[in-house]
Each structure stands twice: as structure tokens, then as C-alpha cells.
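Asker: In case you want the letters, here they are:
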Amino acid sequence: MIGAGKIKQYSNILEKPLNKGKQEVSLSAFAFLFSELVQYNQTQVDNIAELERRLEDAGYAVGARVLELLCHRDKGNRRETRLLGILSFVHSTVWKVLFGKVADSLEKGTEHEDEYMISEKDLLVNKFISVPKDMGTFNCGAFVAGIVRGVLDGAGFPAVVTAHFVPMEGLQRPRTTILIKFAEEVLQREARLG
Amino acid sequence: MTAAAPRSGEAIFSSFERVNAELFTLTYGAIVRQLLTDLEEVEEVNKQLDQMGYNIGIRLIDEFLAKSKASRCVDFKETSEMIAKIGFKMFLGVSASVVNWDADGSCCSIILEDNPLVDFVELPDTCQGLYYCNVLSGVIRGALEMVAMKTEVTWIRDVLRGDDAYELQVKLLKQIPEEYPYKNDE
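Respectively, the protein sequence lines represent chains B and P.
Heads up: the first sequence at position 101 corresponds to 107 in the working numbering, and the numbers run straight through without jumps.
Heads up: the second sequence at position 176 corresponds to 175 in the working numbering, and the numbers run straight through without jumps.
Please note that the accuracy of each hint is not assured.
Within a straight-line C-alpha distance of at most 30 Å, the following computed DSSO-like cross-link-like pairs (lysine-lysine) qualify [unchecked claim]:
#: 1; chain 1: B; residue 1: K102; chain 2: P; residue 2: K170
#: 2; chain 1: B; residue 1: K26; chain 2: P; residue 2: K66
#: 3; chain 1: P; residue 1: K173; chain 2: P; residue 2: K88
#: 4; chain 1: P; residue 1: K46; chain 2: P; residue 2: K76
#: 5; chain 1: B; residue 1: K133; chain 2: P; residue 2: K170
#: 6; chain 1: B; residue 1: K26; chain 2: P; residue 2: K173
#: 7; chain 1: B; residue 1: K133; chain 2: P; residue 2: K84
#: 8; chain 1: P; residue 1: K149; chain 2: B; residue 2: K102
#: 9; chain 1: P; residue 1: K76; chain 2: P; residue 2: K66
#: 10; chain 1: P; residue 1: K149; chain 2: B; residue 2: K22
#: 11; chain 1: P; residue 1: K66; chain 2: B; residue 2: K28
#: 12; chain 1: B; residue 1: K133; chain 2: P; residue 2: K68
#: 13; chain 1: B; residue 1: K28; chain 2: P; residue 2: K84
#: 14; chain 1: B; residue 1: K28; chain 2: B; residue 2: K81
#: 15; chain 1: B; residue 1: K26; chain 2: B; residue 2: K114
#: 16; chain 1: P; residue 1: K88; chain 2: B; residue 2: K28
#: 17; chain 1: B; residue 1: K22; chain 2: B; residue 2: K102
#: 18; chain 1: B; residue 1: K127; chain 2: P; residue 2: K66
#: 19; chain 1: P; residue 1: K149; chain 2: P; residue 2: K170
#: 20; chain 1: B; residue 1: K133; chain 2: P; residue 2: K66
#: 21; chain 1: B; residue 1: K107; chain 2: P; residue 2: K88
#: 22; chain 1: P; residue 1: K76; chain 2: B; residue 2: K28
#: 23; chain 1: B; residue 1: K114; chain 2: B; residue 2: K187
#: 24; chain 1: P; residue 1: K88; chain 2: P; residue 2: K170
#: 25; chain 1: B; residue 1: K107; chain 2: B; residue 2: K81
#: 26; chain 1: B; residue 1: K107; chain 2: P; residue 2: K170
#: 27; chain 1: B; residue 1: K22; chain 2: P; residue 2: K84
#: 28; chain 1: P; residue 1: K88; chain 2: B; residue 2: K26
#: 29; chain 1: B; residue 1: K133; chain 2: P; residue 2: K88
Just so you know, the hints here were simulated from the structure itself, not pulled from any lab data.
Predicted model only: the values in this text are computed from it and were never measured.
Hey, can you work out the whole structure from these sequences and the hints?
Answerer: Written as C-alpha cells, this is what we have:
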């Protein structure tokens with residue numbers, strides 16, 4: 007085409023076709039960007055809980071958009087209405103698209119009915135992060151917890167999602183577990199649906 | 000004989016570990032959104048994005064030099080070619096081209112064909128002064144400063160503002176001579 011190099015202009019962004027989602031950037035570009043996100047938030051807060059909350063809020067926005075994008079592109083606009091359905095959607099599809107692999111494991115909590123755990127040996131966002139001792143239990147996985155919360159909320163499954171380090175024997179670095187605690191109404195609805 | 004020729008951007012990019020561009024795009028969008036909520040002034044956000052880019056750039060240059068095994072550039076023209084052909088390809092997976100050299104070779108434009116930062120993005124009316132990709136100008140400025148070149152990087156054209164391409168102008172202000180921290184005779 008003559009005049010190559012010009013991007014085709016769409017008057018409305020909604021008319022632009024969705025790409026296949028196969029484009030990639032280097033891991034270091036993402037790691038640099040994420041470290042800037044954490045560093046910027048560190049300057050804005052006074053304590054760890056606030057920092058985790060801000061990372062989670064950032065992740066929430068990502069999650070809401072990921073849900074819309076994936077529902078439209080990969081699932082053909084079909085909604086998940088069952089608990090196990092949405093959990094396996096997060097565990098497989100969302101993880102595969104965002105991190106290139108399915109999550110390591112999905113477990114149901116033994117103590118409480120409403121708790122589920124998604125575990126990952128080496129979470130992408132935590133790969134290049136080391137937490138100093140004085141920051142205690144701070145986990146940058148809060149960003150991923152926010153993504154999961156955004157996806158679940160958008161799909162109609164309100165939940166409280168947090169990220170925790172779980173030390174494992176035999177592994178140098180602790181495993182990261184995303185703990186999902188569903189709201190009361192979700193369980194009631196699930197029971198009603200049978 | 001020169002050392003091994005620098006590897007092409009494409010080759011390095013395929014040897015890197017990669018992540019989905021959409022995660023990258025959405026994360027960047029979350030950052031810009033947080034900045035807009037915190038700072039509220041579009042000019043402040045532009046400055047903060049540039050600063051963040053600068054912080055990234057000063058670390059990115061180390062990785063760039065290590066992975067691309069590039070030899071010292073002879074002049075600024077070669078530097079810009081390296082940034083456009085190898086740098087952008089290595090990290091963002093996009094190709095860029097260098098055009099519009101001025102008479103004394105100290106100012107050029109880098110045109111990006113494709114920009115993974117701006118997928119799905121539309122600027123609302125309230126943010127018309129925002130340079131959404133300002134982090135890229137900070138990255139280039141930071142990286143070049145670490146190799147002894149003081150530059151000024153500005154956006155000439157921005158698709159989000161209605162132009163037809165992404166064009167960055169890189170202007171070399173001066174070369175900073177290397178300073179040794181300790182005097183020889185001390």
C-alpha cells in the first residue's frame with residue numbers, strides 16, 4: 007500500500023477491531039513498569055496496609071477490563087453463573103492469558119465453606135521483588151489479588167481476595183496463595199441453584 | 000577486529016522471556032489512572048510519567064547494553080538507530096524508524112508504527128493535555144543520560160490526540176564527559 011507507515015484511523019475506538027491478543031512485550035519491560043508502580047505508591051502511603059490496598063485497587067481496574075475482553079474474545083459472550091465455573095475460568099483462562107500458563111493449583115478451603123485458594127509457585131509480579139524485613143508480610147501479589155477481585159466482581163461474585171506467602175519445604179522461595187473469600191450472597195445463590 | 004556484532008532486535012526479543020502485551024497495557028493504564036486520581040492536574044501527571052520513565056531508563060540501559068552486546072556508538076546518528084531498531088524491538092516488540100535528521104545531526108525523530116501502551120485507550124475531553132505515553136520519553140532520556148548524553152525528548156505527534164502516528168523528537172543537548180569519582184593523585 008502506498009504511504010505505508012500510516013496507521014488506519016478509526017473515528018471511534020469502539021469500531022477498531024480487537025486484535026488476537028498474541029502480541030507480547032519483554033518480561034523486563036513489564037517488571038520495570040511494575041516496580042515503578044510499587045515505588046510510586048510507596049511515596050503516597052504511610053503504612054503497609056495502605057500500600058497493599060492501592061496495589062489491589064490498581065489490580066481491580068485491570069481485572070474488570072480483562073473480564074470484559076476475555077468474555078468477548080475467548081468465551082463468545084457467555085457468562086459464568088456457577089461458582090466452580092467462574093473459579094475455573096480465573097484459574098485457567100485468565101491465568102493463561104495474563105501469565106502464559108494455568109495457575110498451579112485451585113483448592114477449596116477446609117475450614118470455611120466460602121474460601122478457595124489459587125496457588126502459584128512463582129508469581130510473575132513477585133519474580134524480581136524482594137521484600138525487606140521491616141515490611142513484614144507485604145506481598146506484591148496484592149496486585150494479582152486485585153485482578154482476581156476485579157474479575158469476580160464484574161462477573162457477579164463479590165469476594166474479598168488477598169495474597170499470602172506460604173513457605174514450602176523444599177522450595178527456596180515461598181509459594182504465593184491467592185485466598186478468595188466469597189460474600190454471603192454468593193453462597194446463598196449457589197445453594198439455591200442446586 | 001571488532002567484538003561480536005550486536006544481535007538484531009528481533010533475535011534478542013525472541014530470546015527474552017515474554018509476557019502478554021495486554022497485561023502490560025492494562026497495568027500501564029492502571030498507573031496512569033492512579034496518577035490522574037492522585038494528582039488531578041494533567042501537567043503534573045505528564046511530569047510524573049516522565050519521571051517514572053526516567054527511573055526506568057537509568058536501569059533499562061544496563062540491561063540493554065548487556066543483552067544487545069552493542070559496541071560504543073560512533074555518533075548520535077548511530078545511537079538513535081540503536082534505540083529505534085534494537086531498543087524498541089527488544090523491550091516492546093515493536094519496530095520504530097528514524098527520520099528527519101536536522102543539519103548538524105543532533106536532532107531526529109523516531110516514529111513508532113505500533114504502540115502496545117495505547118491499546119484500548121481513548122483520551123476523554125477532560126484530559127486533552129495528557130501525553131499518555133510520556134513514560135517512553137522519560138525512558139529514552141534516562142537511558143541516554145547514563146551513557147553520557149544529555150537529551151531532550153518531546154512528543155511531536157500522538158495518535159491519541161488525533162495525529163496519524165507516534166513521533167518522538169530526540170534532541171542531543173550535550174555530551175557529558177565521563178567524570179572519575181576519585182582524583183588520580185590523591
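Asker: For every hint, state whether the structure bears it out.
Answerer: Okay, the hints, checked on the actual structure:
Straight-line distance between C-alpha atoms of K102/B and K170/P comes to about 42 Å, which puts the hinted pair past the 30 Å bound. Taking the CA atoms of K26/B and K66/P, the gap is about 29 Å. The hint holds against a cut of 30 Å. Proximity of K173/P to K88/P is assessed by CA-CA distance (about 26 Å); at most 30 Å being required, the pair is judged to hold. Our distance criterion of 30 Å between C-alpha atoms is met by K46/P and K76/P, whose separation comes to about 27 Å.
About 36 Å separates the Cα atoms of K133/B and K170/P, which puts this hinted pair outside 30 Å; it is violated. Taking the CA atoms of K26/B and K173/P, the gap is near 44 Å; set against the 30 Å cutoff, the hint is violated. Note on K133/B and K84/P: the hinted pairing holds, with a Cα-Cα distance of about 28 Å set against a maximum of 30 Å. About 42 Å separates the Cα atoms of K149/P and K102/B, which puts this hinted pair outside 30 Å; it is violated.
About 21 Å separates the Cα atoms of K76/P and K66/P, which keeps this hinted pair within 30 Å; it holds. Taken as a hint, the K149/P and K22/B pair is broken in the structure, with Cα atoms around 39 Å apart against an allowance of 30 Å. Pair hint K66/P plus K28/B holds up; C-alpha atoms about 24 Å apart against a cutoff of 30 Å. Among the hinted pairs, K133/B with K68/P is consistent with the structure: their alpha-carbon atoms are about 25 Å apart, no more than 30 Å.
The straight-line distance between the Cα atoms of K28/B and K84/P is roughly 21 Å, inside the 30 Å bound, and the hint therefore holds. Proposed proximity of K28/B and K81/B is supported: the alpha carbons are some 16 Å apart, at most 30 Å. With a C-alpha separation of about 33 Å, the suggested pairing of K26/B with K114/B is violated against the 30 Å cut-off. Taking the CA atoms of K88/P and K28/B, the gap is near 16 Å; set against the 30 Å cutoff, the hint holds.
A threshold of 30 Å between alpha carbons decides the hint, and for K22/B with K102/B the separation of about 25 Å falls inside it, so the pair holds. For the hint linking K127/B to K66/P, the alpha-carbon distance of about 27 Å falls within 30 Å, and the restraint holds. Restraint check for K149/P and K170/P: satisfied, since their Cα atoms lie roughly 9 Å apart, inside the 30 Å limit. Restraint check for K133/B and K66/P: the C-alpha separation of about 19 Å stays at or below 30 Å, so the hint holds.
With a CA separation close to 24 Å, the supplied pair K107/B and K88/P stays within the 30 Å bound. Taken as a hint, the K76/P and K28/B pair is broken in the structure, with Cα atoms around 33 Å apart against an allowance of 30 Å. In summary, the hint linking K114/B to K187/B is supported, as the alpha carbons are separated by about 10 Å, within the 30 Å threshold. Our distance criterion of 30 Å between C-alpha atoms is met by K88/P and K170/P, whose separation comes to about 21 Å.
Restraint check for K107/B and K81/B: the C-alpha separation of about 18 Å stays at or below 30 Å, so the hint holds. Restraint check for K107/B and K170/P: the C-alpha separation of about 42 Å exceeds 30 Å, so the hint is violated. This hinted pair checks out: K22/B and K84/P have alpha carbons roughly 27 Å apart, not beyond 30 Å. For a cut-off of 30 Å, the pair hint linking K88/P to K26/B stands: about 20 Å separates their Cα positions.
Using a Cα cut-off of 30 Å, the hinted pair K133/B and K88/P holds, with the two alpha carbons roughly 23 Å apart.
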